[in-house]
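Let chain S serve as the given structure and place chain F on it in line with the hints.
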Amino acid sequence: MSTCEQDPGREKLRAFEAVVSSYESALLRYASRLVHHHDAAQNIVQDAFIKLFKSWEHEMLPSSKMLNWLYRVTHNCAVDYLRKETRLQVLHIRQAQETPKAVAPDRGDGTGISEEAERAAAILTQLTLREQQLVILKVYEDKSYTEIAEITGLTVSNVGYILHHAMKKMAAELRRARAI
Amino acid sequence: MNPDLDKNEKDDEKILPDGQDGSGPAESKPLKQMKCEDIQPMILDYLNRELSDAFSLLVREHIRKCPNCKAVATEMKATVDALKKADTASPDLAAKLSVERRNKIMDEVVGGHQYQWVYLAFFIVAVFIVVWSALRMLAEIYDWGYKPIKLPEDQMFEINLRPVNKGTNAPGISTVTNLPGTNIMEQTKP
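If you're matching them up, the sequences are chains S and F in order.
The first sequence begins at 1 in this note's numbering and counts up one residue at a time.
The second sequence begins at 181 in this note's numbering and counts up one residue at a time.
The following block holds chain S by itself, in its conformation from the complex (with noise of 0.2 Å):
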């Protein structure tokens, strides 16, 4: 790193550390949201990064592309994560039955969530990863169809397609909850 012919480089690791600083955040909790596990969302977005670094060949400066780039390789990421670790489904069963027992107790003093929120965390998990994805995306990243559409992708209209039908989902299975 301290030669003179390393300048170029240099400049790309300067601006690379600014990227990293720029986008990690929202990368950590897309990824976290994802997998529901601190660590491997860690691993994934570093993964990511590393990626982008070698893979990227326009200039290494932020922008809604690159954005949109690294949202699309952490889903990747998480989604090799997931098949690694267990089969999708058994997952989303696991994660649905332990959910509402991770979530904070104390609900009773006002400064919890509610039970609404509770369940709707817990059904979240029980959509497929698609729909999670595009869910996510929508709800907590606030990505317009047409950004999440570039990340996945999917067409706009199976985007609205895919969101309509697992809002409705959710809204059903709410609906059951309380009924029960």
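Hints were generated in silico from the structure; no laboratory data involved.
Quantities reported herein were computed from a predicted structural model and do not represent experimental measurements.
C-beta: ideal position from N, C-alpha, C; glycine also.
Each hint should be verified, as a subset may be incorrect.
Below, in silico cross-link-like pairs of lysine to aspartate or glutamate (EDC-like), each with a Cα-Cα straight-line distance of 16 Å or less [stated by the list, open to error]:
(1) 54/S x 287/F
(2) 276/F x 17/S
(3) 245/F x 267/F
To be clear about the criterion: a stretch of chain F counts as covered by chain S if any three or more of its residues have a C-beta under 8 Å from a C-beta of chain S, and this derived list gives those stretches [unchecked claim]:
(4) 253-266
(5) 302-309
Relative to chain S, chain F alone:
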């Protein structure tokens, strides 16, 4: 079932809802003729502000007048709100990469960046060795370029390959080509 949003955003005059079988935008319907089954798939898009102005107005007016669709919209909104509340209370969403992981990222990219020329050099040397070995092997098989050196008769020596007993001279066995100036330990008489 699902309106083609791309077309709706470009042309507000046409209504292009999917047919009942969800096959895609098949026919146009005037705005006034849109029913609940046409509106309800658009409610989430309306709540997400993904509809054009014309469709947003249409959905808003319909929801105001139709109790069923109003109930659907209220339920959808409540679901989204519940999800958002669940997320804000979630304590385990780390905001930053740990220091170790940041260092690991930089080590990975710096190391790769620094040593890429070394890896290239190794690769070139490896390719050279493989090619050279292959050529040598082919040269041996096909006897390329290797010709025995033929020396004049007076420069050739005979070498006795049999053990020599004292007092006896065994005839020479074979003639071996030698480079001039080579020292030969024994020499038999022809």
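Going through the hints against the structure:
Taken as a hint, the residue 54/S and residue 287/F pair is honoured in the structure, with Cα atoms around 13 Å apart against an allowance of 16 Å. Distance hint between residue 276/F and residue 17/S is fulfilled; the C-alpha atoms sit about 13 Å from each other, no more than 16 Å. Taken as a hint, the residue 245/F and residue 267/F pair is broken in the structure, with Cα atoms around 33 Å apart against an allowance of 16 Å. For the region 253-266 of chain F, the assignment as covered by chain S holds, since 10 residues bring a beta-carbon within under 8 Å of that chain's beta-carbons and 3 suffice.
Coverage of the region 302-309 of chain F by chain S is violated. Counting CB-CB distances below 8 Å, 0 residues qualify, and the rule asks for three or more.
The structure fails to meet hints 3 and 5 from the earlier list, while all remaining hints are met.
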